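Visitor: The residues making up each chain are set out below.
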Amino acid sequence: MTMTEETKPTQDLIEIRIPLSLPCRFDTGPIMGRFLKGLRDEKRIWATYCKSCGRTMLPPQSVCAICNIEAAEWIELADEGYLTTFDVIMIPTINPLTGQMRKVPYSVGRIVLDGGDAMIWHFLDETDPAKLGYGKRCKAVWEEVRTGRITDIRYFHMLDEWDKNARP
Amino acid sequence: MLEIKNEWAFSIPGKLEIPYRYFAGAFQSKALVALRDKKKIMGSRCPKCRKVFFPPRSNCEVCLSKISDLVEIGPEGTLISWTVVNYREPIHTRRKPYILGLIKPDGADSAMLHFIAGIEPEKLKQGMRLKPVFSRKRAGQILDIKHFKPVI
Chain A
171 MTMTEETKPT
181 QDLIEIRIPL
191 SLPCRFDTGP
201 IMGRFLKGLR
211 DEKRIWATYC
221 KSCGRTMLPP
231 QSVCAICNIE
241 AAEWIELADE
251 GYLTTFDVIM
261 IPTINPLTGQ
271 MRKVPYSVGR
281 IVLDGGDAMI
291 WHFLDETDPA
301 KLGYGKRCKA
311 VWEEVRTGRI
321 TDIRYFHMLD
331 EWDKNARP
Chain C
1060 MLEIKNEWAF
1070 SIPGKLEIPY
1080 RYFAGAFQSK
1090 ALVALRDKKK
1100 IMGSRCPKCR
1110 KVFFPPRSNC
1120 EVCLSKISDL
1130 VEIGPEGTLI
1140 SWTVVNYREP
1150 IHTRRKPYIL
1160 GLIKPDGADS
1170 AMLHFIAGIE
1180 PEKLKQGMRL
1190 KPVFSRKRAG
1200 QILDIKHFKP
1210 VI
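From first to last, the protein sequence lines are chains A and C.
Per this note's numbering: the first sequence = residues 171 to 338.
Per this note's numbering: the second sequence = residues 1060 to 1211.
Think of the hints as simulated: they come from the structure by calculation, not from any bench.
Computed from a predicted structure; not experimentally measured.
Glycine is no exception: its CB is placed at the ideal position from the N, C-alpha and C atoms.
A couple of the hints might just be wrong.
Claimed, not checked - The following label-pair restraints were derived from C-beta to C-beta distances:
| id | chain 1 | residue 1 | chain 2 | residue 2 | range |
| --- | --- | --- | --- | --- | --- |
| 1 | C | 1084 | A | 304 | 41 to 49 Å |
| 2 | C | 1098 | A | 313 | 47 to 55 Å |
| 3 | C | 1070 | A | 233 | 40 to 48 Å |
| 4 | C | 1125 | A | 299 | 31 to 39 Å |
| 5 | C | 1125 | A | 239 | 24 to 32 Å |
| 6 | A | 324 | C | 1070 | 19 to 27 Å |
| 7 | C | 1210 | A | 189 | 29 to 37 Å |
| 8 | C | 1121 | A | 304 | 49 to 57 Å |
| 9 | A | 195 | C | 1086 | 39 to 47 Å |
| 10 | A | 195 | C | 1209 | 36 to 44 Å |
| 11 | C | 1209 | A | 267 | 41 to 49 Å |
What the hints assert, rightly or not - Calculated pairs, SDA-like style, for lysine to any residue (alpha carbon to alpha carbon, straight line, at most 20 Å):
| id | chain 1 | residue 1 | chain 2 | residue 2 |
| --- | --- | --- | --- | --- |
| 12 | C | 1064 | A | 208 |
| 13 | C | 1074 | A | 270 |
| 14 | A | 207 | C | 1139 |
| 15 | A | 213 | A | 289 |
| 16 | C | 1074 | A | 237 |
| 17 | C | 1196 | A | 187 |
| 18 | C | 1097 | C | 1202 |
| 19 | C | 1074 | A | 317 |
| 20 | C | 1099 | C | 1199 |
| 21 | C | 1074 | A | 289 |
| 22 | C | 1097 | A | 182 |
| 23 | A | 207 | C | 1066 |
| 24 | C | 1089 | A | 181 |
| 25 | C | 1097 | A | 270 |
| 26 | C | 1182 | C | 1139 |
| 27 | C | 1074 | A | 198 |
| 28 | C | 1163 | C | 1129 |
| 29 | C | 1064 | A | 197 |
| 30 | C | 1064 | A | 233 |
| 31 | C | 1089 | A | 187 |
| 32 | C | 1074 | A | 214 |
| 33 | C | 1074 | A | 181 |
| 34 | C | 1074 | A | 233 |
| 35 | A | 213 | C | 1070 |
| 36 | A | 207 | C | 1089 |
| 37 | A | 207 | C | 1070 |
| 38 | A | 207 | C | 1061 |
| 39 | C | 1074 | A | 182 |
| 40 | C | 1064 | A | 241 |
Isolated chain A (complex conformation) (with noise of 0.2 Å):
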C-alpha cells in the first residue's frame, strides 16, 4: 500500500470532541491587587522586600518564605533589567486561555529587575539565540490597553548592552 491511496477505515472508530470552555474568576486579595493595579493603572511593579533576610519578591507576599515570618515592606522595580536564562520555544502547543496552537518560533526568558533581586518570567522580543546570553539588558514593553494581567506587559525587548553587575 503506497501513501497515495485511499484507505477506507475497516471499523468505525469513535472520537469524542469537547471543547471545554470554562469561565473562571481570580480574587486577587490586597497584595496582588496592588500588584496588578500597579501593572494596569501606573505601569508600575510593586514588589516586597523581606527585612530579615533582603529577599526580593515578586509578584509581592507579606511573609517571607525562606523565613516564614511577616516582615515584608513594599518596594518598586524597574521595568527593565537583564536576561539571565531563556529559551526559543520551537514546537507548538495549545494555548490553553485561547484554545489555539501558539506560533513558533518564540522565547521567554528569566529576567532579573533593576531595583532588586526578584526575577519576572516573560516572552523576549529576539528569536535567534545567537543573540541571547546571560546578562543581555532588555526593557518592558507595555500594552496599551491593559486589564491587571502580567500580559499588561507584552514581551521584553532585547537591548544591545550588556549588565555591568550580572553575576552568573
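Given the coordinates of chain A, work out where chain C should sit on it, guided by the hints.
Guide: Positioned in the frame of chain A, the structure of chain C alone reads:
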C-alpha cells in the same frame, strides 16, 4: 508591618479554552457504535474471572486479563446510590437540582454513573428498577443515553 489597603483587592475574569479529544480505541468503539446505532448497552466480560464491566475496557480491572468479549447488558438496571446536585456551574449540562445516580445494569458487575429524571429525589429508593431513555440524536457517547427513569 506591610501597608495593606483593602481597596487594592479586585476580581479578574478569565477563561480556559481546552479542546478536549477522547479516542475510544478499537475495542470501546465497538460498544459505542452499538449504543449509537442499535441503542444497545454493551459491557466487557473477562474470560478469566467472568466479571462484566461498564464502560467496556479491553483489560480486566480485577485480574488484569485481556478482554475481547462484548456482551449486551441492561437495558434496565437497579439503583445503587444517588446524590442531588444543588448548584450549577456554566460547564454543567443540567439545571439544578438534578440527580446523579449509580445504576447497575442487569448482567453487569459494576455500576454506571448517569442522570436520573422523571421522579422526585425524595421518592428514590435503593434497589429501584430503572430503564434508560435514549437521545434522539446519538453520536457514540455516554450521553446517547439521555437519563434513566423509573420502570413503572
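Visitor: Which of the listed hints are broken here?
Guide: 3, 4, 5, 14, 16, 21, 25, 32, 33, 34, 36, 39
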